[in-house]
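Asker: Chain by chain, the residues run as shown.
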Amino acid sequence: MTLFIQQLFNGLALGGVYCLAAIGLTLVFGVLRIPNLAHGALYMLGAYITYFFLTTLGVPYIAAIGIAALLLFVVGVGLERLVFHPLRNSPHTHHMIAAVGAMFFFQALAQAIWGADFRRMKTPITGGLDILGAEISAQRIVIIVTAVIVLALLAWFIKRSIHGQTIEAIEQDRIGASLVGISPSMVSMLTLGLSALLATVAAGLVAPINLLSPTMGDALNLKVFAIIILGGLGSLPGAIVGGFALALAETMTATYISSAVGEAVAFIVLVAVLAIKPTGLFTKAVQR
Amino acid sequence: MNALKNPRLLGTFAVVVLIGAAPAVFAGENYAMRVITVGMCAAIAVYGLNIILGFTGQLSLAQGGFFGIGAYGVGLLTTDYDWSFWSAFFVSVIGTAVIGYLCGLIALRTKDEYFAIFTMAIGFIIFLVISRWEAVTHAHSGVNNVKFPEGAGIVDFSSPIAMFYLVFLVLLICIYITHAIRRSSVGRTLLTIRTSEDLADAIGVRVGFSKQLAFAASAVFGGIGGGLYATVVGFIGPDAASIDKTFEFLMFILVGGMGTVAGPLLGSMIVTFLFELFQDFQAYRFIVLGPIIVALVIFAPRGIIGYLGEFIDRRNRRRRLAGMRRSPKETGPDGRSAAPTAETMTESGAGTTSEETK
Amino acid sequence: MTLLEVRGLGKRFGGLDAVKSVDLDVDEGRITAVIGPNGAGKSTLFNLIHGFYHPTAGTVTFRGDDITHSSPHRTVAGGIARTFQTTNLFEDSTVLENVLAGRIVRSKSTIFDAVFHTPRHRRESRVNEDKAMEALEYCGIAEHRHDLASNVPQEVQKRTAVAMALATEPELLLLDEPAGGIPEEETADFGDLIRSLPGQGVSVLLVEHKMTMIMGLADTILVLDHGQKLALGTPAEIQSNPDVIRAYLGSSTDEEN
Amino acid sequence: GGGGSGDGDTVVIGYTGPLSGGGAAYGENVQIGLEMAIDDLNADGVEVDGEPVTLELKSLDDKYAPSTAASNAQRLADQDKAPVVVSPNAGAIKAIQQINSGRSNFLISAYTSDPAIVQSDNPLTMMIPPNFESYAAEFTETAMKHGGKKLALLGTQSEYGQQWTESITDAWKDAGGKIGGDNSVDYATVSDFAGPVSKALAEKPDAIFVGGPSQPTALIMEEARKQGFEGSFLVMDQAKLDEMATVTKLDNLKNSVGVLPVSEYEDPGTADFLKKYADKAGDKKVPTSETALNYQGIAIIAKAMEVSGSVDDPEKIRAAISDALPEVDDKYKVNGFPEEITEQGHLLNPNLEATYLDDEGKYTKVPIEQVSDNK
Amino acid sequence: MLTLDNVSTGYDATDVLHGVSITARPGELTVILGANGSGKTTLFKTISGLMPVRSGSVDYEGRKLHRARPNAIVKAGIAHCPEGRHLFGKMSVEKNLRLGSYPHRNSSRTEEIYAQVLELFPILGEKAKQPAGSLSGGQQQMVAIGRALMSDPSLLILDEPSMGLAPIIVEQVLASVAQINDRGIGVLLSEQNAKASLAIAHRGYVLAEGRVVLADDASRLLDNPDVQAAYLGL
Ligand SMILES: Nc1ncnc2c1ncn2[C@@H]1O[C@H](COP(=O)(O)OP(=O)(O)OP(=O)(O)O)[C@@H](O)[C@H]1O
Ligand SMILES: Nc1ncnc2c1ncn2[C@@H]1O[C@H](COP(=O)(O)OP(=O)(O)OP(=O)(O)O)[C@@H](O)[C@H]1O
Ligand SMILES: [Mg+2]
Ligand SMILES: [Mg+2]
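Protein chains in written order, with our numbering: chain A, 1 to 288; chain B, 1001 to 1358; chain C, 2001 to 2257; chain D, 3001 to 3375; chain E, 4001 to 4234.
So here's chain A without its partners, still in its complex pose:
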């Protein structure tokens, strides 16, 4: 029982990370219709920049994440301008390859600057809680709480605020959107910026319980794609449910079946779900 509760919290913390990383990706997909394979690299870059401010310059933790998130916002905007904007009329194959090119670049850049060694990020958040016999570190509780707050704010923003709705509008018809006065390229830039920002927040939260390396985004990348497809591309609730569901499935299968299955479970679930519902869990069917 203690093990179960322990793993439940571990799974929730992991779910928080997955969600934060996944929502950005799903938003970008919705607006730009591109599967941004460089997302994991943005996450990695976010982690390194947070590290730079926190450890190298000694800026406080929260501020370091904040500064890094803003910087990554700029990187995201730049990525949109330099890579995806010129490709806006190309098929998605081209985006994927361009994104892979960008990913290679970011990884090589990080290695050139910070080296290939693992780095460890320290945080002021220490200690933990004892919940029903399970030992939960404070960092993980922070992850869960932050994830929930950010997700709630974002959901509110998209559904209620008119700015959020512009994102939805562009997802559905770019020409229609520009005719009602929305600037698609502005929204595209903001969305990519926002997704990089969210990825950085995720990275800043996880880095203390894991290590930094130029390839830290790779493993996450595949999983996050599984999540947003599982939830239905471009669907916010889909990404949230998918993120937590896959994280819990992963932790629990690793605990009660085997860790190798745990590693594959995300993809097995994905295959199973798509076999039954080919458009993911949360997509509305619409007539031509």
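The hints are simulated quantities; they were obtained by calculation from the structure and are not laboratory data.
Heads up, some of the hints might be wrong.
Derived DSS-like pairs: lysine-lysine, alpha-carbon spacing no greater than 25 Å straight-line [what the hints assert, rightly or not]:
1) D:Lys3249 with D:Lys3204
2) D:Lys3226 with A:Lys122
3) E:Lys4095 with A:Lys159
Anything over 12 Å on all C-beta distances counts as not near chain A; from chain E, calculated [stated by the list, open to error]:
4) Asp4015
5) Ile4185
6) Ala4215
7) Ser4219
8) Arg4220
The structure presented is a predicted model; accordingly, all values stated were derived computationally and were not measured.
Using N, Cα and C, we set each Cβ at its ideal position, and we do this for glycine too.
Please arrange chains B, C, D and E with the ligands on chain A, whose structure you already have, making use of the hints.
Answerer: Frame of chain A; chains B, C, D and E with the ligands shown alone:
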């Protein structure tokens, strides 16, 4: 021999002859021969990708996985089970076809990006199985001493040149099949699906079935490429099935030109050599290569062959227009030069080409 | 003879009956029209007959075969072709290639025929080209055959869609607003094309809002409203039916033409 | 052999290893060792057959992919005429073995402790580190002495990690211990170690087998201590205790048995090596055996060239290693210098030692008896 | 007032519009006639910024618009209800309409205009919560017009608003257009039904192969024998 008047076919021929003559130049250079031969194995898999992606428009990211299945099939059967290369090769290719077909059954219920990511998941599961199923695949230890093909006392395939020509021959067959599919109604079927599945459905195309076949065919090419690769390199590890392989294949096809006959081959060769060239930069080569990839996609989105094709199309159209002006009766109201056509259907239509040569 | 028999056909979307208890007979060698206000269920009816949607009630019979749950490609193979309300073509292909695509359903040759260049494959390629040209000429657009479908005028596009459908050698052709987007004054020519189809052994089921055209073409008209039959009869009967005038035609139609 | 007789004064030492991607840090450690050795050897002067020879390192990145490694090796041998190619990864070495004695001719300087590479009877392979199977028995004995009989398995899920897991499992069972389920995870892809650690601790073990790259291993141990584990750790040789101490508090690492840190060796050249290393890599970086052993390895090869009188005949060089070993200058003896090379090509140091890091944070040496490389 | 001066533009290498000059006076209903492919849609797309102006200038109420982006042009008061509608298919009808007011999102007039739109097309009130994509063709056309009106334009561009509509609805739509125009909103209209549209228009232009071949008051165009022959089927 009308075909020779068609500049596209001529181009394909030229590329093929050029590569076929490579051993004459590089005979003593094991390294160059190896790079070219391995590149050709990849090119075979890329021809598979060309069918599903270039013709049908579905981005399959499982190609690396199928390549791995072919490679491991040959690798494991010739070593742990001591089969002859040829029987192992045959069985592996059939096996890839079956696995490809089964995956296709589910995969093709999905569309567009779902299909892409779904096949990526399939590819990743194949990779996980290969890299984790210690008891059968030896996981990271890999498969050592894969057999050379048996030459029946006539050819000795341990010679790099013999191996080169074996792969080259298979590659030629794949290119021919690609060409044959393209100009047939099968090719037209696939291309209609690429443009609009709904419309294809409405004119009686068996969309699901055709996609299924295309997917299985692409898997088979992947398996063939992988099987040859295993015997060429002699040792295979799980990286033979990794997602990086898939991305490599994608790069090859994009640089060469999607949906074209010569594109995959040309792309494979050029990018392979580009990669080798940049090896000297070691870890930092991707600081240069990354942006080059991005730039290629942005500035040459239709690949090298795509560009040439566009050029030829424009010329043909100009000629035809000139011809039409001579016979005023035929001049349509739409006498302006058309938008660059998609490289594919225009050429594939038996109509256009035979018209030209009549 | 009755070619197509629709009995008690119904389709619900959520709470809405898009089509409800519709009966319809399409006779061989005739032009049958379906009209009705926007949202009456005309396109849905076509989608049901063609197999794009599966009905929630009723049956569809074609030449005595039950095709209620058939899929579109089998329906086409069986002899029913269609065009879409919004013109739908393979836009980056030429007009000829579009029409050739219509031949796919009648092609028997496989990959193997293509690879080995069998006589069957050669014979079929020739037949396909001939038939495609025939359809193009019949529709009067042969001179456009090498133009990209997206570059030709609306009317040529509409004709291409018809030619593509004809290339499948149908016995029944479903036309959903074939003249939509064509100016009134040009519809006459288009009407002539449709009128000639039964003579070629192709019966027609037609949806159209252009009353001038419908009244001059149709042998029988079914009027739908809210998914249900409002009236059925000859053009003259329909034109004077007060229900139809109130729900659909409005006041101006007769005085305008 | 190929032979770069034209420019007899420069000899290329080839290196193919992971210089980008997940294994980059490891590949760089090896590369540093090679560079240091070559710099030192050139400074001292290498003379073959009466002619002075300059060594030059040529590195290529293989991203840990065996087939790329083999292509690279072929390129180094063919184009750069390298008589020796260094590779630090068992899979890559196996792939390279497919070509080094047939199509091209070069000696493989193999940095892997997987004995499979010498079991394949490749005449041109020189295996540098000790056979990892040697450690299992002593590790088990030491850990049982300081802990108890119940072992949990939490190694990494690489090929090498799995081999270690097997070897430890056998040894532990032989010693009469009990073992829980296999909890190994892929250290490189896990986002949060808490889950796997909780699972392992649920077995209430007295000792835990851990190991993969140093830093994630350290994190796992830290997490285990946080979750209340007080027993001992058996640390696989891939992880280095001193390197681990750079990412976590020494407290978390206490009571564990692992390989001896380079700085604890007392070979004649060790102290100088440490100084030079700090100059080159900065004092934040801990020197590891990848660096030290490859440093030694190149020195041995250079000496073998001198002894054999050939820079381009790998067979002669290989044959001369045995005679070259006693001739190597003391300054190159830094990390358990080998005294002999087996027929199969394995360099052997008879006095292999591991270490136990005790509750005071002190390293105690543990002598290791080496097992045979034969299957 | 909207003034196009010598505007040329096109797709790819060739021009579709060749030096078109047009004025639409404030509050007036201006109709553009022309055969299929004569460039009406292209002209409208050029005005609303969906296509770049290659040469010439576009001027609206004293502002140069030929370099402006669509969003700026909507803000300037020109709303374009495009051919093909371009609705947000998965969003409800209501959200579609409300997004129409995006350029003036904080204005108090939004509710007022929304009510007016529902008054114009009562069926949209019934379908308010339904995804726009599930409406029938004609109903979608109403949403598109409604959405354009929601931006509170001073000039409304309607590209074949009656395409695919039932005769009775065509009548209604043209009546609504007249009604919209009566409220003081200028309208630029292209319409297959030349006679009916000229009947409600103030001025008309005839385009042929991308050039203006006739420009006159609507009533005079109705009487022009060339127009009668070409477009009125007389
Ligand atoms: N997939 C669907 N989901 C929900 N409702 C639908 C769907 N398809 C059609 N409808 C509804 O069914 C009704 C009939 O639509 P249909 O498209 O058949 O009308 P129609 O008669 O063709 O109209 P029009 O003349 O405007 O094309 C409409 O109210 C429409 O909103
Ligand atoms: N996207 C495009 N690419 C290339 N050419 C185009 C494109 N859209 C339109 N054209 C061409 O531009 C010309 C003018 O087209 P436009 O759509 O403006 O005409 P229109 O008067 O609106 O016709 P319709 O009555 O059919 O709507 C036509 O010759 C058409 O073929
Ligand atoms: Mg309809
Ligand atoms: Mg138009």
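Asker: So, for every hint listed, does it hold in this structure?
Answerer: Hints and how they fare:
no. : hint                     : verdict
1   : D:Lys3249 with D:Lys3204 : 23 Å, holds
2   : D:Lys3226 with A:Lys122  : 15 Å, holds
3   : E:Lys4095 with A:Lys159  : 11 Å, holds
4   : Asp4015                  : 21 Å, holds
5   : Ile4185                  : 16 Å, holds
6   : Ala4215                  : 27 Å, holds
7   : Ser4219                  : 32 Å, holds
8   : Arg4220                  : 33 Å, holds
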